[in-house]
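For this one, chain R is given, so just place chains A and G on it according to the hints.
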Amino acid sequence: MKVFVTGIGVVSAIGLTVDENYRSLLNKKSGITTLQLSVEQKSIKAGSIAKSNAELKQMLSISNGYFSRTSLLGIIAAEQAMGKNFHDKKLRTGFISSTSVGGMDETEKYYRQVLKNLPVDYNLTRTHDSGNTSENIAAYLKFSGYINTLSTACSSAANAIMLAARMIEQGKLDRVLVGGTDPITDFTIKGFQSLMIYDDEWCKPFDHNRNGLNLGEGAGFLLLESEQSINISDNAPICILTGWHNAADAYHQTASSPDGKGATIAMKNALNKANLEPDEISYINAHGTGTKNNDLSESIAIKNVFGKSIPPFSSTKAFTGHTLAAAGAIEAVYSVLAIKNSMHFSGLNYNEPLAETLMHPVTEPTPALTKHVMSNSFGFGGNNSSLIFSGI
Amino acid sequence: MDNLKEELKKHLITQLNLENNTPADIKDEAPLFGDSGLGLDSIDALELIVLLDKHYHIKLTNPEEGKSVFYSINTMAEYIEKNKK
Amino acid sequence: MYCIQSAATISHQPSFANLGFSSRLTKEIESLIKPDYKEFVPPALIRRMSEILRMAVASSNLALKDAGIEQPDAIITGTGLGCLYDTEKFLNNAITIEGGLLPPTSFIQSTHNTIAGQISLVLGNHQYNMTHTQNSLSFEHALLDTILMLDEKDGNILVGSADEAIAALQPIAAHFKLNTFPLTSGASFYVISKNRNEKTLAVVEACHTSAFYSSLENEIKEFMSTTGNKQIDFILNDGRNKDVMRLIEALFPNKCIINYSEICGLYTTNSAFAMHLATDIISNKTKQVQGKTINCHNRALILNTLLPERAGFIMIKSNEA
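Protein chains in written order, with the numbering used here: chain R, 1 to 392; chain A, 1001 to 1085; chain G, 2001 to 2321.
Isolated chain R (complex conformation) (with noise of 0.2 Å):
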């Protein structure tokens, strides 16, 4: 059973649509730029959507409600993949999210007024957990029946789309709406910092002088439909969703292996599902974080599948910053962009490869038949998702 991708929407530090997203990385237009979050925060560089909530709310003629901005952002997103189409009795419509934060945008203010004796809002928390986030998105695209979030860090969106690829194909759903979001916190930036992978300047993926990630937020969406949903629809599909594994690492706590070995088996299992050689994939849309441990495990990993054929790839995270949850989902839309339009993206701030692996990223956005399109995400405590997107 095909899983068909129908419908995508995104909103990053690139754009706002799709298209704006597009033209940004066509032109090489990077939307990381220096932030100053709070009072206590020194300036960082982050991929920030330049909208307060207040803003997103009025884009949604949202006139009351507590929202995270991590739902903010799905709305919008989601409500670009669902596009047209609306709620069938004939058809089992699910919905899937992910975030790795969840609502902590908001409960990072009520807790600042806990710790500083001020008066509380209570509500503030309302908005906390993953499963409410999605499901403020869900309503308001009125969803009803499955709805479903996951949270693996930075592989999750990648795992929400696998997840409603395999309802499809199981039968269980007719189609899914399914994503991720994540907001810019504190806690996040703070939780990178603490880490020392947090880069002060502008993040390098896949360079040897790489020092650290940038953080971003954002929000991608697909619509995914089985054959016999787009019968129904009437959806014109834009491409398909042909492969998809996930793996642990099993390693340490947050680095990933220095032999890649979770990635790796999360790559080739990814293509005998799509049932792929190595060499028929034209472009890789790398994780690419820019920390040293990913780029070198992940170099490693794409050595040992790929061997002497190693498909042109890049990172798109110095363009968007790291978006977390999001990241699997947002890079799915490029990765599905990519094979829409024929074209491989590049990345940025690229001047020498990794000694260790002497691997070259993309570095000019270069117009090419593009028909089978792999996207990574590795996440914390080693959890590695693959994607594989084919053209019709």
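Cut-off 16 Å, straight-line C-alpha distance, at most; resulting in silico cross-link-like pairs (EDC-like, lysine to aspartate or glutamate):
hint	chain 1	residue 1	chain 2	residue 2
1	A	K1067	A	E1078
2	R	K172	G	E2152
3	G	K2089	R	D186
4	R	K89	G	E2222
5	G	K2153	R	E169
6	R	K109	R	D121
7	R	K172	G	D2151
8	A	K1010	A	D1025
9	G	K2242	G	E2309
10	A	K1054	G	E2098
11	R	K292	A	E1064
12	R	K142	G	E2309
13	R	K273	G	E2152
14	R	K142	R	E79
15	R	K116	G	E2098
16	G	K2038	A	E1019
17	G	K2089	R	E108
18	G	K2034	G	E2051
19	R	K42	G	E2098
20	G	K2194	G	E2205
21	A	K1059	G	E2098
22	R	K292	R	E201
23	G	K2065	G	E2039
24	R	K303	R	D259
25	A	K1005	A	D1025
26	R	K109	G	E2088
None of these hints come from the bench; they were simulated from the model.
Below, chains A and G without anything else, positioned relative to chain R:
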């Protein structure tokens, strides 16, 4: 120096949640990392960087330097003596 | 036919490594009855682990041991609120420590998938590793994922959930009047496979979730209809809503209805405890629970309505049925 080492061991036990160890268990010259030592890992290395900053106001900005500084209680104490403010 | 080969729970009941615990339930929920964690968790790792991680690793360890499995073919977990202790610790540090470095351990352990991640780390397991975080339905979704996986390829799947209570939850629960039962923690893990044998404790026949429905009564009727209108012998419900209890009484007349929150306390994924309780009642043929009599032990329905407009259904039957 001995006082410093004793104090260091206590800080280590607190910072790294070494519930089952007392300062007496930690030998001055024993390697702290790896299977043969206390079994500390890279997360502990980051915690030790915090410890240096919090208690001795020393900022270790390069985690790679940590390998030699944090080798043992002895090396840690020497480093602190040399760099404390 | 998804067979529960083993079940391990840490709760306020003597549920851990205690077959037949359903006949030995205590009335007063005092504190968690914990095993000696050192027996079930590698000592070198325990020091960093918050309660939720200790409970989860210990329970999953026991579940694997009881099922005679060294490496599961997947590790699928559910958690409603995740690793709260570490989340609060890091948040607290982030707000109160100005200018200095922050200790990273609590940040690392604040992510929801730390639970599944730690289990895979301890086992050296490279299989599918997933964390479902759909608040009160997290366990049901993890179970649905398990069923999906077993239909794709048979194997032994480790599935479970855990949630922990921290002091910071209390004022929030009090404000929203959520604390009808004591807020607490718990973890339940199972090994499930399609291999039905004499060791099978019970069989999962169906699992379903539904959110934002307009009528719970219709949801229940539809679930029963799509699963073949089978005879249910006893029902377990979270007990938070008296109207729901009355509805269940009306739809399943003369059946024993067990209020499980009264037994294990309140935490987001306490329906996972309910499945273990039901499994134990069935396999042990326990006759008396919560002062009620259970005469027939063929089939149970766990109906989770912990949050309004969100329902989880788990139907299990006896290995002998």
